[in-house]
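Colleague: Please model the entire structure based on the sequences and the hints provided.
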Amino acid sequence: MDLLEYQAKELFRAMGIPVLPSQRIERPKDLKGLIIPYPVVLKSQVYSGERGRVGGVRFVENTIDAIAAAQTIFNLSIMGEYPKVLLAEAKYDADQEFYLAITLNRSVRRPVLLGSQKGGIDVEMAIDQMQHVVVEQEFSAYYARRLALKMGLEGKLIESVSSVVEKMYQLFVQNDLDLIEINPLGVSTTGEVMALDGKISVNDDAWARHPHLDALIAKLEGSSPQSSPMSIVPMESDGQIAIVCNGAGLTMATMDLVYQAGGKPISFLNIGSETRADFSPAQLKHHLKDGLDQLTQNKQVKVVLINLISNLVPCDEVAEIIASSVKRHVPKTNSLKRIRPDTLIAQATRSPAMVVRLVGSECERAQSRLASNQISLLDNLDEAVTQAVSLAKVGRG
Amino acid sequence: MDLLEYQAKELFRAMGIPVLPSQRIERPKDLKGLIIPYPVVLKSQVYSGERGRVGGVRFVENTIDAIAAAQTIFNLSIMGEYPKVLLAEAKYDADQEFYLAITLNRSVRRPVLLGSQKGGIDVEMAIDQMQHVVVEQEFSAYYARRLALKMGLEGKLIESVSSVVEKMYQLFVQNDLDLIEINPLGVSTTGEVMALDGKISVNDDAWARHPHLDALIAKLEGSSPQSSPMSIVPMESDGQIAIVCNGAGLTMATMDLVYQAGGKPISFLNIGSETRADFSPAQLKHHLKDGLDQLTQNKQVKVVLINLISNLVPCDEVAEIIASSVKRHVPKTNSLKRIRPDTLIAQATRSPAMVVRLVGSECERAQSRLASNQISLLDNLDEAVTQAVSLAKVGRG
Amino acid sequence: MNFTPQNRVLIQGIAEPLATVHALHMKRYGTHVVAGVSPGYGGTKVHEIPVFDLVEMALSAVGEIDTTIIFTHPYAALDAALEAIAAGIRQIVLITEGIPPLDMVKLLRKAEMTETLVVGPNSPGVIVPGQLLLGIHPVEFYTPGSVGLISRSGTLTYEIARELTLAGLGQSMGVCIGGDAIMGSSFPQWLEIMDEDEHTEIIVLVGEIGGDSEEAAAHYIAEAIDKPVVAYVAGQTAPKGRRVGHAGAIIASQISTLGSEIGTAVSKITAFERANIPVANYPSQIPTLVKKALRLPTKHSNV
Amino acid sequence: MNFTPQNRVLIQGIAEPLATVHALHMKRYGTHVVAGVSPGYGGTKVHEIPVFDLVEMALSAVGEIDTTIIFTHPYAALDAALEAIAAGIRQIVLITEGIPPLDMVKLLRKAEMTETLVVGPNSPGVIVPGQLLLGIHPVEFYTPGSVGLISRSGTLTYEIARELTLAGLGQSMGVCIGGDAIMGSSFPQWLEIMDEDEHTEIIVLVGEIGGDSEEAAAHYIAEAIDKPVVAYVAGQTAPKGRRVGHAGAIIASQISTLGSEIGTAVSKITAFERANIPVANYPSQIPTLVKKALRLPTKHSNV
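Residue numbers (numbering that gives the first Met the number 0), protein chains in the order written: chain A, 0 to 396; chain B, 0 to 396; chain C, 0 to 302; chain D, 0 to 302.
Calculated directly from the structure, the hints in this document are not laboratory data. It is possible that some hints are incorrect.
What the hints assert, rightly or not - Restraint ranges, calculated between C-beta atoms of paired labels, are given here:
no., chain 1, residue 1, chain 2, residue 2, range
1, C, Asn280, B, Glu153, 50 to 60 Å
2, D, Thr43, B, Ser230, 31 to 41 Å
3, B, Asn372, A, Ala13, 50 to 60 Å
4, D, Glu111, A, Ala13, 34 to 44 Å
5, B, Met0, D, Thr43, 34 to 44 Å
6, C, Asn280, A, Gln173, 42 to 52 Å
7, B, Trp206, A, Asn74, 47 to 57 Å
8, C, Ala221, A, Ser279, 41 to 51 Å
Bear in mind the structure is a predicted one, so any value in this text is a computation, not a measurement. Where a beta carbon is used, it is the ideal one built from N, C-alpha and C, also for glycine.
Modeller: Listed below in structure tokens is the structure:
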């Protein structure tokens, strides 16, 4: 889960990483109450990067210009996203701009400190000169100094930059971050450093143990582009086949097979593996039911391809859920009311076709349960995929 | 540096250790604005323990009784200390009272978790049944469970007590504590736990790196019974000899010698060893000068015994400071004004005698510098002590 | 390392519903589940397995333990694993999904120092068909044989085990190193174990997108593995930057400004091909490639 | 452990004024101070000693280093020591006073694991008279000889070294384990080193109130030390519960409700006497007891 720049900077400030005086602007007229003296920088608070290049960052000299600029930024979509908030920040004259970051390196299975003297917008330069320090054992300040020296710093800059890296590391471990980045870290002619822009990404699995972060983002609740692990993920907008699997590897293998067979997935749903601590057969069934209900209501879905390898839930119980779902969504007169008029015109009111591949215990019972709903059960994955693709092609006409 | 109960409980609350609703009472009339429902417990906020036994804790049922009780407690001295603040806290019906603490064990050089099912006021019982768990490697929750099990807990109490111990440990390391103690930890009939009284002692050497603790105690600034390491420490109120040394071991050896020779120290001053990172010859000289100025102004001091083993500061420079101090404090007519009238009557206006034992470089120069002020310099410690004691006896007449 | 039927097994978090079910499955498969640990449940029994409040109490009651299988809540898993290591256990299987990555970093620093094998997290564990089940693999898909199966994903492992079994190819061992971003044991570790295992004739390595484990494995195979290896990579068509389920199976440079092609299926398949390792295009092609590598008659030549 | 004149020494925090002075003293005494480290001062020199920004840079420039002497600010000392250990240095002298005790706990966990000797904190270090100075002992009080001197206090160590020297008793080695509550090396460690040191004939152990190091030492001497030992304990009359200067020299149970008599001078002296170790009443009695133990003529019999 990503934080917005101003949220990241609140964490920076609390940890003692130097940041400029700034104010959150929720509507242009907030600028009338600005306490920071002009000139001021107005920055669009969006999750995507690149805002600088497309006009999401503007320097202003007075209130009139500021309000005009704020209106423009509030109405500027950056990668499809409109800001809910701007950040008004004092202007800073940096002599140099450095790049600093900490992230987890999966290969060495350790946090790694990253730094370059060439920060700012010119990312290519930063990458070319990027220095890496792996935090092999428990962190201590010397790792940060090692980075500063690899970056080629000398004299007092060694301590001032490594002290920022130390504090970044504290934020990194205290909040279970996937990434903390300062780019640029402004360096003044006198060697003073300042975090001019910041990015923080919190690990999704660890989020729940940091309740103070909820408070930090509370004002903008629901605005982060995070998807729950159990939600339907869209793929191709002109696809026809929805894929339902349990487990990430199986889901990916299934979508690969669909493409290989000439099909086009519209979305997928991974109803979760059995390694979740809160896993229960009841929960798995619940996810499956919910997912099928949603998918069958999307009239762009021609075929639902279900591929489940069930361990703890017997296949006949899975079949029961599929059968009930199909039954519920056989179009009835009154169900038409819930369909949007345009969909109603564009699409027939039929339900998507179901292709079910199930392996596990009680497969025969599952087969007979599904047969009573005119659904055939397959145990061969390749065949199931072939069937789903050909059904999708038939339905296309 | 010790914290008061209410300060400790603020830290408990922030860490998620269960505490009762409470309010700080700075004067009896604050009780009119009490939000906590009666019955309420009023507790004297003093540093010394034992307050329960001497009437510093009172249960009250209504505002009239509460104000009366508060007046009594504010006027009750506990081990010589009057409270600046009371804590008004909800009443709790504990079914059992446990003892929990974490401190550093010097022998094993590790933190140790302590616990007993017999907490509360009956400390003897707690000690008899005290269980210890040494935190050998980096802490993890299983150390806390180990304590809970050694304490003889079963079922859900294992988790609820060990969870409190975990949070105590977090406070312990995050704030560099010498001691964190919950006594008693109340346990209700339903197995719910509650920190009813708490004690926290912060390590003096680490205090400076925890600025948030300054904020916690800011309202009662200066009220903690902490002495700066460089201050004069009183010993016997009827003593005559003030001891000035550098280094703790030498100071102790010198006071032992004074007693052995039949003398009685009135106070001592350790001007510090040369292992302090901020040590400098200038600073050592400054401490010596300040200390001598203070000691010579105390007219109860008959003899100042100076015993310094100087490493970096040549003896002649030390002698110079002693000589100037003596010179400054030779009684002058105008200096009498600064002496309190009672002291003036009880004591003659003479300065204390100086016995100086110095070893290190440039001793001969030191000797001649002191000789010009009629002070003899000794290099034998035993002789210096003998001389100081006999001068003190002469002066007693 | 010990993967014999003599392995003495502990289950941490045994009072969790999922653990209770799998404890029974393991026992039924013949695994020596000698004790369970769940704080607060000391003195009870789960399927006749004695339960203790602490690992050290289990050890002093039942004697030596070789492996622990951890089913606790993800935020309690680090502590459970450290408790096991402190008690001297040197094989750990982390079933639990969603352990915070920095907890894994802490655990792995300790595990490396104590030479502890950590399988997982987010893993169904290890199965030696017909002999030993250290985890939650559904046993019906496996049959004893000579194919060593290494994978990153649970259900996909079962799928491939099933394909092998249906093709008459039994397995010497099946292991899933886990689907999270930070993993305990690695592909090279298991390649080495299976290269040395006398029952294994060929190794099937099932990779997926994300990270560079497959690239590292390809390099290691070329350098150090004598037995034939067949590979497969899932996720060739997975949408970029979206999490399919595994925290680890995601193609997206974590550092916004550092684009990188490591982690894609193309990069992985290329690495295998450069190391002369045959790569299956889809799961059911794996048995064919295995037979070819072992010079066994394949389906086609059979027909 | 290496206390020969060949010891190659690093000074961390060499740009601190105190360290700069003592660097010169050490060099003049003949100690091989091969490098200094002070971040931001890399490339400069202090009394001809090359200064580096990192320990690892010093090592790669000057080669092997046996001992580091740390003079940094107390809050930077843990990091300096961990940096030295990570670079492979296995003898550390912590001059700095006032290192937070929990930093010492962290350091000692690491030191024990890597078998690193940590002298101090709050210690003037080690002197081998006439050969090697690893710290800040004023060399003029020492003379080569056969008395091993172990203490907890700086200036008191010098006092006793001076008494011994004046009495014609030279020293084989002088060490101060430090005055803080949590210390690196212990009395037993140094008793063992001196018991094995061929130049040491007798050991003088200078204790003080607080903690139970003297009690532990008395026990250890009775069990394991063959050479004669003479003891002294400072602080018999120190006021209870007040800090005289050393964080460690305080008689006060840290747990308010647990009264205990451990830490008093009486407890310590009793422990020594039970172990048949002669205890001096005051510093100048030490040379007399040493001569008696060595059956040398004492002052009295001399006169």
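Colleague: Any hints from earlier that this structure breaks? Give me their numbers in increasing order, please.
Modeller: none
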